[in-house]
Each structure stands twice: as structure tokens, then as C-alpha cells.
Amino acid sequence: EPEVTQTPSHQVTQMGQEVILRCVPISNHLYFYWYRQILGQKVEFLVSFYNNEISEKSEIFDDQFSVERPDGSNFTLKIRSTKLEDSAMYFCASSEDRTRAGYTFGSGTRLTVV
Amino acid sequence: AQSVAQPEDQVNVAEGNPLTVKCTYSVSGNPYLFWYVQYPNRGLQFLLKYITGDNLVKGSYGFEAEFNKSQTSFHLKKPSALVSDSALYFCAVTPRDGATNKLIFGTGTLLAVQP
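Those protein sequence lines, which keep their order, are chains C and B.
Note that this note's numbering has the first sequence beginning at 56, numbered continuously upward.
Note that this note's numbering has the second sequence beginning at 39, numbered continuously upward.
Just so you know, the hints here were simulated from the structure itself, not pulled from any lab data.
Remember, predicted model here, so these are calculated numbers, not experimental data.
Glycine included, C-beta positions come from ideal geometry on N, C-alpha and C.
Incorrect hints may have been included.
[As the list claims (entries may be wrong)] Some chain B residues near chain C, calculated using beta-carbon distances under 10 Å:
no.: 1; residue: Pro45
no.: 2; residue: Phe72
no.: 3; residue: Gln76
no.: 4; residue: Phe84
no.: 5; residue: Lys87
no.: 6; residue: Asn139
no.: 7; residue: Lys140
no.: 8; residue: Gly146
[Unchecked claim] Computed cross-link-like contacts, BS3-like style, restricted to lysine-lysine with a CA-CA straight-line distance of at most 27 Å:
no.: 9; chain 1: B; residue 1: Lys107; chain 2: B; residue 2: Lys87
no.: 10; chain 1: B; residue 1: Lys60; chain 2: C; residue 2: Lys97
no.: 11; chain 1: C; residue 1: Lys133; chain 2: B; residue 2: Lys115
no.: 12; chain 1: C; residue 1: Lys97; chain 2: B; residue 2: Lys115
Turn these sequences into a full structure, and let the hints guide you.
This is the structure in C-alpha cells:
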């Protein structure tokens, strides 16, 4: 069964450093997403991406965040200057269509900011 | 505001007994409805979805969910629980009107199945 692949599985970074989280969505999917889950809390939407541009973003997704699809397969989330409160599990997801099919999530990257 | 409620932080059930994990939503129109499961240190795995048609939806691992429009609920059920079902379960919805395609998640319910 096709999978969404995320790397690394765990990243530790110092406060103020830039991090890039990487994702390889399912190849025939057109919509890409990032969600995050702070420990013990619910899963929150960050951003959706379609046709090489952001289609929707949440209030969490401020200027410190950016997304990119640098080639035909990767989808990245960059945090420019990490804060302690950015520590969370970040999930990438992709979907075949806009809403009906549902999402396939990756296994997540646990980001720890120290 | 659009929201999803999972009123129980934890559900405890004995192996072999039926289980129900509750979910209600407050979203305009008839949203698409989903259940996901998260095992420790793992990602979100799709269990089932309601798009249209029969209100009883069958999904992976013997789970099913019943859509109730009048009660705006989408409770997850399984006739006979297994210890291996112990995990964190998330209900999620997305509006059908196409205004957004983000998933709105509930806070999750931890299912603990005792042997």
C-alpha cells in the first residue's frame, strides 16, 4: 500500500536554529498538508498546498514557517528560527482529491527544541 | 466555530466486550467524517470514513462507525475488543462545501482494552 514517508523520525535542534522537515507524499496525490500535534494535545492543521502554492493556512502558520515542493517528489516544512513551543510531532499528509478521499498521513517527525 | 468533540478522554473495556468511542461535531452542512487511530510513537492511520450512503460504515480491523445526522454524531464501534486495539483514536471532519479541505480533529480518546 502506498505510504507517505517522513524524514527524519526525530530531530533535536537548538532554539533559534532553522529546521527542515521532509516528506515524500504518495506519487499520484495532488494535495499536501502539514499538521502538528503538541504532546498530549490534539492534532492541528498548519497548511495545505496545491498546484505549487499554499491553498490554506492556519493562524499557527506564521512567517516563521514555509513550505516548498522543490522537486516532483518532496514536500518540505521549514521553520526558520525554532522556539521551544515548536516542539511537537509534525505530520505530513497527502490526498488524491480535495476532501472525499481522506488523507494518508506519514508516521511523523518528532521535533524537540532545546 | 467548527469543532469536533470526543467527550471521553479514556475508554476502558475488557477484551471480548463491545466498545464505543464517541464523537459529535459542530460543522455546517453534512461534513465528511473520519476516524484515525494512533499507536504509540506512530503516525495517524486511517480507519474509516463516511462520505454518503449507508449510515453504518465498516472500516479496518473490524471497526465500524454510525453516522447520525440528527444527533450530529459519528461514534466508533467494534463488537468485540482486542487488547491490540488499545491506542489513541481521533475523530475528524471536513466540510462538504469545499470552503476548506483541512481536517478538524477531536481531542482524541485513549482506548484501553484489558485482557
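Checklist entry - Is the straight-line distance between the alpha-carbon of C:Lys133 and that of B:Lys115 27 Å or less? => result Roughly 39 Å separates the two Cα atoms, so the pair is violated.
Item to check | Residue hint B:Gly146, partner chain C, criterion CB-CB below 10 Å | outcome: holds, 6 Å
Item to check | Proposed interface contact between B:Pro45 and chain C, which counts if any beta carbon pair is under 10 Å | outcome: Interface hint status for B:Pro45: violated (14 Å vs cutoff 10 Å).
Next on the checklist: Given a cut of 10 Å on the nearest C-beta pair, is the interface hint for B:Asn139 held or broken against chain C?
Outcome noted: holds, 5 Å
Item to check | Hint consistency between B:Lys60 and C:Lys97 [alpha-carbon to alpha-carbon, up to 27 Å] | outcome: holds, 16 Å
Checklist entry - When you check the alpha-carbon spacing of B:Lys107 and B:Lys87, does it fall within 27 Å? => result Roughly 15 Å between the alpha carbons, so the hint for B:Lys107 and B:Lys87 holds.
Next on the checklist: Using the nearest Cβ pair, does B:Phe72 come within less than 10 Å of chain C?
Outcome noted: Result: holds, 6 Å to nearest chain C Cβ.
Next on the checklist: Restraint: B:Gln76 near chain C, CB-CB cut 10 Å. Satisfied or not?
Outcome noted: This interface hint holds because 9 Å falls under the 10 Å limit.
Next on the checklist: Does the closest beta carbon of chain C sit nearer than 10 Å to the beta carbon of B:Lys140?
Outcome noted: holds, 4 Å
Checklist entry - Given B:Lys87 as an interface hint, is the shortest Cβ-Cβ distance to chain C below 10 Å? => result Hint holds; B:Lys87 Cβ to chain C Cβ min 5 Å, cut 10 Å.
Next on the checklist: Just to be careful, I want the Cα atoms of C:Lys97 and B:Lys115 compared with a cutoff of 27 Å; is the pair within it?
Outcome noted: holds, 21 Å
Item to check | Hint check: 10 Å Cβ-Cβ cutoff, B:Phe84 to chain C | outcome: holds, 6 Å
Against the hints set out earlier in the document, violations occur for numbers 1, 11.
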